[in-house]
Each structure stands twice: as structure tokens, then as C-alpha cells.
Amino acid sequence: AQSVTQLGSHVSVSEGALVLLRCNYSSSVPPYLFWYVQYPNQGLQLLLKYTTGATLVKGINGFEAEFKKSETSFHLTKPSAHMSDAAEYFCAVSESGANSKLTFGKGITLSVRP
Amino acid sequence: KAGVTQTPRYLIKTRGQQVTLSCSPISGHRSVSWYQQTPGQGLQFLFEYFSETQRNKGNFPGRFSGRQFSNSRSEMNVSTLELGDSALYLCASSLAPQGLDNEQFFGPGTRLTVL
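Those protein sequence lines, which keep their order, are chains A and B. Numbering-wise, the first sequence is residues 1 to 114 according to the working numbering. Numbering-wise, the second sequence is residues 1 to 115 according to the working numbering.
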């Protein structure tokens, strides 16, 4: 069965610092991988996704993630944090197939200090 | 294009009651998925409907049920409410079923509090 591990529940960075949010997955077949962001009192919004092809994926708001099959990882990065990046971030995995579904990690709360 | 809408946004119920939540997907989307979000468990998949058929189901008791109408609108029902059912219930819609690389669009959620 597919699963997602997001280590830690909270990350705090200074404004302008590098953002690194870790995600490791488990999947029996080549996965589709996603990062979603949730701002307070809102639903989830897709940041970026990996399906096939280029392993470095660029998303919205300056975020990017790299699919590393050998490490079963899909870490999310942003070179310079902005105050508006403060939110909860979810990594998710999906597999192709008749009964596949999207499985989310527990989420990481990102705080940005001025 | 209007996004995914969920009604009501907030709901307070007491133990033992039942509740029905509604989700209207983006126009043209035929897949609707439901998730329960709690601080302890994170986002957990409840079920997915596609073209009025339940396509997939998560690991929840039978008290949780859903349905989808011919216009793709979906409802979920929780009977005999328990305190642990207090959560944010999120609905997401997409053009095609989960498992493909299509994007799910989420609604703002319904905050259910069980007293």
C-alpha cells in the first residue's frame, strides 16, 4: 500500500531563508507525487506535481520539488521564504490503477519569522 | 469559473444526531472525493464518487456514507455522531477519477463540531 511520511510537524524559518520540507513515500509502482498548501480556513491548493518526465518540478509561488527514486523522496524547496508562505503543506502520493486514491502525509506547518 | 463549494461552512451537532454535508463540484467535473481532516490524524480519505458510482472507499465505519447525483453534486452523511467525528470535512473535485495525473480542486470545507 502506498504511504507518505513527512517528518516533523512544524518548521520555522526566517524571511529570506531557504525553505526545505521533506517528504518520503512508499509505493509499489511508479507514483504520482503532489504537494498541496493549505492556508488558514481554506481548502487545499495544488503547488506542484510529478507524474513522469523531468524529475525537477517547478510549481507556483517559487516552489519546486525533485523526485528522487533511489531515495523515495520528493522534498519541497523554495530559495527565499516570504511571510506569505506561512501555511500547512501536504505531500501526497497516488498510483495509477482502477482503485487508486490520493494518500496524504500528516502535513507540516511552516512558520516564517520576520 | 466557480470553484468547489461546500455547505454549510460550520455546523454544531450533539452526540447521536446525524448530519448531511453538501458539495458542489466545479462545472464539468465528474469526480468528487471526501476527506476528513483532524489535528491528530491529518487528512484521511473517506470515499470517491465518479459518475454517480462510489469508486473507492477509505477505512471508515458504515456510519459514514455518501452519494452523488446526476449533476455531480455530492452529499455525505454521518449518522449517530460521536465526539471523535468533530473535524473539517473537505470535498475535492476533478475531471477524471483519482489515480491519474489530474488535479483535485478542494473546497473550503465544512467544520463540524460534535458536542
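In case anyone wonders, no lab produced these hints; they're calculated from the structure. Take these hints with a grain of salt, some might be off.
[Claimed, not checked] Calculated pairs, DSSO-like style, for lysine-lysine (alpha carbon to alpha carbon, straight line, at most 27 Å):
#1 A:LYS68 <-> A:LYS49
#2 A:LYS69 <-> A:LYS58
#3 A:LYS49 <-> A:LYS69
#4 A:LYS106 <-> B:LYS57
#5 A:LYS69 <-> A:LYS106
#6 B:LYS13 <-> A:LYS49
Now for the hints, and whether the structure bears them out:
1. Annotation: proposed proximity of LYS68 (chain A) to LYS49 (chain A) holds, straight-line Cα distance about 14 Å (limit 27 Å).
2. Pair hint LYS69 (chain A) plus LYS58 (chain A) holds up; C-alpha atoms about 17 Å apart against a cutoff of 27 Å.
3. Distance hint between LYS49 (chain A) and LYS69 (chain A) is fulfilled; the C-alpha atoms sit about 15 Å from each other, no more than 27 Å.
4. As the CA atoms of LYS106 (chain A) and LYS57 (chain B) are separated by approximately 19 Å, the hinted pair is consistent with the 27 Å bound.
5. For the hint pairing LYS69 (chain A) with LYS106 (chain A), the CA-to-CA distance comes to about 21 Å; that is within 27 Å, so the pair holds.
6. Between LYS13 (chain B) and LYS49 (chain A) the alpha-carbon distance is near 37 Å, which puts this suggested pair outside the 27 Å criterion.
In this structure, only the earlier hint numbered 6 is contradicted, and the remaining ones agree with it.
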